[in-house]
Amino acid sequence: MTTTVYDSKAFRVWKMIHEDKVPAKKAAVKIGVSLAEIYEYLAYCKTRIDILVSRKATYSAIAKHNPSSHNAGHSNAKPPSGL
Numbered sequence: 001m002t003t004t005v006y007d008s009k010a011f012r013v014w015k016m017i018h019e020d021k022v023p024a025k026k027a028a029v030k031i032g033v034s035l036a037e038i039y040e041y042l043a044y045c046k047t048r049i050d051i052l053v054s055r056k057a058t059y060s061a062i063a064k065h066n067p068s069s070h071n072a073g074h075s076n077a078k079p080p081s082g083l
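To convert, note that position 59 of the sequence shown is 59 in the UniProt record's numbering; the numbers rise steadily by one, no gaps.
If you're looking for bench data, these hints aren't it; they were derived computationally from the structure.
Mixed in with the good hints there might be a few duds.
Below 27 angstroms or equal to it, Euclidean Cα-Cα: the simulated DSSO-like pairs (lysine-lysine) are [to be verified]:
| id | residue 1 | residue 2 |
| --- | --- | --- |
| 1 | K30 | K15 |
| 2 | K56 | K30 |
| 3 | K46 | K56 |
| 4 | K21 | K46 |
| 5 | K64 | K9 |
| 6 | K46 | K15 |
| 7 | K15 | K64 |
| 8 | K15 | K26 |
| 9 | K46 | K30 |
| 10 | K9 | K30 |
| 11 | K25 | K9 |
| 12 | K15 | K25 |
| 13 | K25 | K56 |
| 14 | K26 | K56 |
| 15 | K9 | K56 |
| 16 | K21 | K9 |
Computed spacing ranges between beta-carbons, pair by pair [what the hints assert, rightly or not]:
| id | residue 1 | residue 2 | range |
| --- | --- | --- | --- |
| 17 | P23 | Y59 | 33 to 43 angstroms |
| 18 | K9 | V53 | 13 to 23 angstroms |
| 19 | Y59 | A24 | 26 to 36 angstroms |
Only a predicted model underlies this, so the values are computations on that prediction, with no experimental measurement involved.
We treat Cβ as the ideally placed atom computed from N, Cα and C, and that holds for glycine.
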């Protein structure tokens, strides 16, 4: 299974369980995989989401302390006093 196919199947499972409120056992039957695979997909999605949230927080922190023309106006950072 390619990464793209795995991603799409994993996020389809995530959506079914978290947004559509389908129980895990029913989702497994609907998609035609075992319950263990459902939990593997959910763990994969949770990890991907955590990574994306972490990156967003990191970029936000960098932008606050490192203003540049790319993030001008989006930062509360001020130049050091005494300059």
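Status of each hint after checking the structure:
1. In summary, the hint linking K30 to K15 is supported, as the alpha carbons are separated by about 13 angstroms, within the 27 angstroms threshold.
2. The suggested pairing of K56 with K30 is violated, with an alpha-carbon distance near 34 angstroms, which exceeds 27 angstroms.
3. Straight-line distance between C-alpha atoms of K46 and K56 comes to about 15 angstroms, which keeps the hinted pair within the 27 angstroms bound.
4. In summary, the hint linking K21 to K46 is supported, as the alpha carbons are separated by about 16 angstroms, within the 27 angstroms threshold.
5. Our distance criterion of 27 angstroms between C-alpha atoms is broken by K64 and K9, whose separation comes to about 37 angstroms.
6. Taken as a hint, the K46 and K15 pair is honoured in the structure, with Cα atoms around 12 angstroms apart against an allowance of 27 angstroms.
7. The hinted pair formed by K15 and K64 fails the criterion: a straight-line CA distance of about 33 angstroms is larger than 27 angstroms.
8. Annotation: proposed proximity of K15 to K26 holds, straight-line Cα distance about 13 angstroms (limit 27 angstroms).
9. Of the supplied pair hints, the one linking K46 and K30 holds, its CA atoms being roughly 21 angstroms apart against a limit of 27 angstroms.
10. Distance restraint check for K9 and K30: the Cα-Cα separation of roughly 12 angstroms lies within the 27 angstroms cut-off, and the hinted pair is therefore satisfied.
11. Annotation: proposed proximity of K25 to K9 holds, straight-line Cα distance about 16 angstroms (limit 27 angstroms).
12. At roughly 14 angstroms between alpha-carbon atoms, K15 and K25 fall within 27 angstroms of each other, so this suggested pair holds.
13. Taking the CA atoms of K25 and K56, the gap is near 33 angstroms; set against the 27 angstroms cutoff, the hint is violated.
14. A threshold of 27 angstroms between alpha carbons decides the hint, and for K26 with K56 the separation of about 34 angstroms lies outside it, so the pair is violated.
15. A hinted pair counts as satisfied when its Cα atoms are at most 27 angstroms apart, and K9 with K56 qualifies at roughly 24 angstroms.
16. Proposed proximity of K21 and K9 is supported: the alpha carbons are some 17 angstroms apart, at most 27 angstroms.
17. The hinted window of 33 to 43 angstroms between P23 and Y59 holds, with their beta carbons roughly 37 angstroms apart.
18. Separated by about 22 angstroms at the C-beta atoms, K9 and V53 satisfy the suggested range of 13 to 23 angstroms.
19. Distance hint check for Y59 and A24: the Cβ-Cβ separation is about 34 angstroms, which falls inside the suggested range of 26 to 36 angstroms.
The structure does not agree with the numbered hints 2, 5, 7, 13, 14 stated previously, though it agrees with the rest.
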